[in-house]
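Given chain A's structure and the hints, the job is docking chain B onto it.
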Amino acid sequence: MQRHLISAADLTRDDAVLILDTAEEMARVADRPIKKLPTLRGRTIVNLFFEDSTRTRISFEAAEKRLSADVINFTAKGSSVSKGESLKDTAQTLEAMGVDAVVIRHGASGAPYRLANSGWIDAAVINAGDGTHQHPTQALLDAFTMRRRLVGRDAGLGQDLSGKRITIVGDVLHSRVARSNVDLLHTLGAEVTLVAPPTLVPVGVETWPCEVAYDLDGTLAKSDAVMMLRVQRERMNAAFFPTEREYSRRYGLDGDRMARMPEHAIVMHPGPMVRGMEITAEVADSDRCTVVEQVANGVSIRMAVLYLLLGGNEPAVSHTRIEEK
Amino acid sequence: MSKILIRGAKVLGGEPQDVLIDGSTIAEVGVGLSDEGAEVVEAAGKVLLPGLVDLHTHLREPGREDSETVLTGTRAAASGGYTAVFAMANTFPVADTAGVVEQVYRLGQEHGYCDVQPIGAVTVGLEGKKLAELGAMHESAAGVTVFSDDGKCVDDAVIMRRALEYVKAFGGVVAQHAQEPRLTEGAQMNEGIVSAELGLGGWPAVAEESIIARDVLLAEHVGSRVHICHLSTAGSVEIVRWAKSRGIDVTAEVTPHHLLLTDELVRTYNPVYKVNPPLRTEQDVLALREALADGTIDIVATDHAPHPHEDKDCEWAAAAMGMVGLETALSVVQETMVETGLLDWAGVAERMSVTPARIGRAAGHGRPVSAGEPANLTLVDTEYRGSVDPEGFASRSRNTPYEGRELPGRVTHTWLRGKATLVDGKLT
Numbered sequence: 000m001q002r003h004l005i006s007a008a009d010l011t012r013d014d015a016v017l018i019l020d021t022a023e024e025m026a027r028v029a030d031r032p033i034k035k036l037p038t039l040r041g042r043t044i045v046n047l048f049f050e051d052s053t054r055t056r057i058s059f060e061a062a063e064k065r066l067s068a069d070v071i072n073f074t075a076k077g078s079s080v081s082k083g084e085s086l087k088d089t090a091q092t093l094e095a096m097g098v099d100a101v102v103i104r105h106g107a108s109g110a111p112y113r114l115a116n117s118g119w120i121d122a123a124v125i126n127a128g129d130g131t132h133q134h135p136t137q138a139l140l141d142a143f144t145m146r147r148r149l150v151g152r153d154a155g156l157g158q159d160l161s162g163k164r165i166t167i168v169g170d171v172l173h174s175r176v177a178r179s180n181v182d183l184l185h186t187l188g189a190e191v192t193l194v195a196p197p198t199l200v201p202v203g204v205e206t207w208p209c210e211v212a213y214d215l216d217g218t219l220a221k222s223d224a225v226m227m228l229r230v231q232r233e234r235m236n237a238a239f240f241p242t243e244r245e246y247s248r249r250y251g252l253d254g255d256r257m258a259r260m261p262e263h264a265i266v267m268h269p270g271p272m273v274r275g276m277e278i279t280a281e282v283a284d285s286d287r288c289t290v291v292e293q294v295a296n297g298v299s300i301r302m303a304v305l306y307l308l309l310g311g312n313e314p315a316v317s318h319t320r321i322e323e324k
Numbered sequence: 000m001s002k003i004l005i006r007g008a009k010v011l012g013g014e015p016q017d018v019l020i021d022g023s024t025i026a027e028v029g030v031g032l033s034d035e036g037a038e039v040v041e042a043a044g045k046v047l048l049p050g051l052v053d054l055h056t057h058l059r060e061p062g063r064e065d066s067e068t069v070l071t072g073t074r075a076a077a078s079g080g081y082t083a084v085f086a087m088a089n090t091f092p093v094a095d096t097a098g099v100v101e102q103v104y105r106l107g108q109e110h111g112y113c114d115v116q117p118i119g120a121v122t123v124g125l126e127g128k129k130l131a132e133l134g135a136m137h138e139s140a141a142g143v144t145v146f147s148d149d150g151k152c153v154d155d156a157v158i159m160r161r162a163l164e165y166v167k168a169f170g171g172v173v174a175q176h177a178q179e180p181r182l183t184e185g186a187q188m189n190e191g192i193v194s195a196e197l198g199l200g201g202w203p204a205v206a207e208e209s210i211i212a213r214d215v216l217l218a219e220h221v222g223s224r225v226h227i228c229h230l231s232t233a234g235s236v237e238i239v240r241w242a243k244s245r246g247i248d249v250t251a252e253v254t255p256h257h258l259l260l261t262d263e264l265v266r267t268y269n270p271v272y273k274v275n276p277p278l279r280t281e282q283d284v285l286a287l288r289e290a291l292a293d294g295t296i297d298i299v300a301t302d303h304a305p306h307p308h309e310d311k312d313c314e315w316a317a318a319a320m321g322m323v324g325l326e327t328a329l330s331v332v333q334e335t336m337v338e339t340g341l342l343d344w345a346g347v348a349e350r351m352s353v354t355p356a357r358i359g360r361a362a363g364h365g366r367p368v369s370a371g372e373p374a375n376l377t378l379v380d381t382e383y384r385g386s387v388d389p390e391g392f393a394s395r396s397r398n399t400p401y402e403g404r405e406l407p408g409r410v411t412h413t414w415l416r417g418k419a420t421l422v423d424g425k426l427t
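Protein chains in written order, with numbering that gives the first Met the number 0: chain A, 0 to 324; chain B, 0 to 427.
It cannot be assumed that every hint is accurate.
Unchecked claim - Which residues of chain B face chain A? A few of them, derived with a C-beta cut under 10 Å, are:
(1) GLU190
(2) VAL193
(3) GLY201
(4) PRO270
(5) GLU309
Don't read these hints as lab results, they were simulated from the structure.
For each residue, glycine too, the CB sits at the ideal point set by N, CA and C.
Excised from the complex, chain A in its bound form (with noise of 0.2 Å):
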């Protein structure tokens, strides 16, 4: 493992794997009556959010404090980015205070990379979404939904997600989810097609390792999974589509699309969803759809994430059930 996660595309298929296997340790220690566990006792993690995402940094915290870590919430939103020494600032007032990670969340692409890479502060740094760039905690937990789904939740012990479809549908071009699931389905061998209007599909993304295409029908009876991408309401006014309405109708998921999609198919999004534009509540609300799995996977892939990078070289495994006996 790499001292920082900033990006996805940095993990390689056995780390990926490796964290992946580490969460599935890390959900049952959800299923205890006492959801902790001390492996990072004396450690100190702040959650540095220079842009809102109360999801994101909740479940951050609920996993640090499972890891047993000392945590410190550090909201920075409205701090200038339009002045950035705040971050090196920040980052070098954390560094004085000792800390041992920092989780970043923050609207500009590569800020995270910078905390990283300029020499500012010594701590893990891992990146809780930068801009549009990547958010690889969301696609460890994407890909550790979808293996628990359709390989199996003992069965994928030590498995990828190889041969396996996956759709990936609506706004590309400012999602970092996207980015981050396309690296690592593509590292864990999965096949990955993106659907999207042409509008909202970067300048660019014919080198990615994986298809597009503009046509969601086409795309439904093959995949074994379908992600739904949230749009946001203000790219309406930009052009990028004509209507709410024309886009639902193009690229929403509604019960007659999800009904082409094969039996064992399932269902995915990010959250917050948009209910009746990119994603009907019928759909939102089957059986098939994993968002609120999704959440409860965070928390297991983010414990899985800091137990390894400052965890130390022994397996949590052998903490938790030493502990048991």
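Same frame as chain A, but now just chain B:
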């Protein structure tokens, strides 16, 4: 002023000759000239060029003296072998009146390191709405002939047309920063493979090319001349080539960094590589070199853009755009154009001195190295190899993309009208 004998220099890269400076002019050029009464500069193996002329420099004074001043900027220019620089108008206040341009001009004269020829803004406050007093700036002591809203594009077609027409009255030229504003909203880097991966806002080539296409057609229609600043894409080259073949009076410049660096460097997220227009692809770089060699692109201009450390030591999106360039320009041109065999030293003199002086009407600069001409000269040790150390820069700012990179060549001497501004690599 005393006599100086430059002995055995390869004038424009040719056979060794002696050049005798007497006062402010070149007295004699020949072989075996007498050194009687003259200070001798041994120049064997070195190349002597007419003093370089930069049509595109940001000196930041007035307003951002923390980045650069006329004094520090002209010292940087002398270090880089320049004897004249054109100072861009995007200062605070903007150089859109006779008062501001005269101030900048006079500071250059007082400091004496390099002639400073101010560029006037095309529109009031660079706002693109209303023409600035172009005639008054031309008639001022500064004698402005080049007008530009550089940093911003004159995107209103009517304003651009009027500016092109208006400056004909006094032989002026409009230098366009070609950037279609709507196509570059939120732009952070070249739009393409790398931007798609990094998730940084794209600055598409077509945003530059569409404005160049429009402006050459406007220049043709009104019979004026237009200059394209820092042209950066292969497509722009094609448009300028077509315009020239049609007889349109267009000139174009390329920066040293666009001749050497590509957008692959942005993967480091190091804002030292953040510049406008952005670093493009390898294919663009090769097209720009070819175009500079064949004359489609007329000149090299630095777009020297000094910024204080804090404006670059931050995350990419928050960082200022621009790179310093005066002190490394000739080295980059040597590496990308001379050592690749695309240009000889006479060609370098043409593109870095003669033609920029002609475009900007800088009298006394870009002249032949021959008797009777003003002694504006630059002596270059082309054999030198060394890595770039920004700590040694005369510029107040250090935002160079070449820190630690080995570049060939070093300017050892610069003379402005016979007065040495740089001797053995040290400013006087």
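**Report entry** Cut-off 10 Å, beta-carbon criterion: hint that VAL193/B touches chain A
**Finding:** Holds, about 7 Å.
Query raised in the report: Taking 10 Å as the limit, does the beta-carbon of GLU190/B come near enough to a beta-carbon in chain A?
Result: Holds: closest Cβ of chain A sits about 5 Å from GLU190/B, inside 10 Å.
Query - Per-residue hint verdict: PRO270/B, partner chain A, C-beta under 10 Å - result: holds (8 Å)
Requested in this report: Against chain A, run the beta carbon of GLY201/B and see if the smallest gap drops under 10 Å.
Outcome: The hint holds - GLY201/B has a Cβ within 10 Å of chain A, the shortest such distance being about 6 Å.
Requested in this report: May I ask you to test the interface hint for GLU309/B with respect to chain A, counting a Cβ-Cβ separation under 10 Å as satisfied?
Outcome: With a closest approach of 6 Å, the GLU309/B hint holds.
Of the numbered hints listed earlier, not one is contradicted by the structure.
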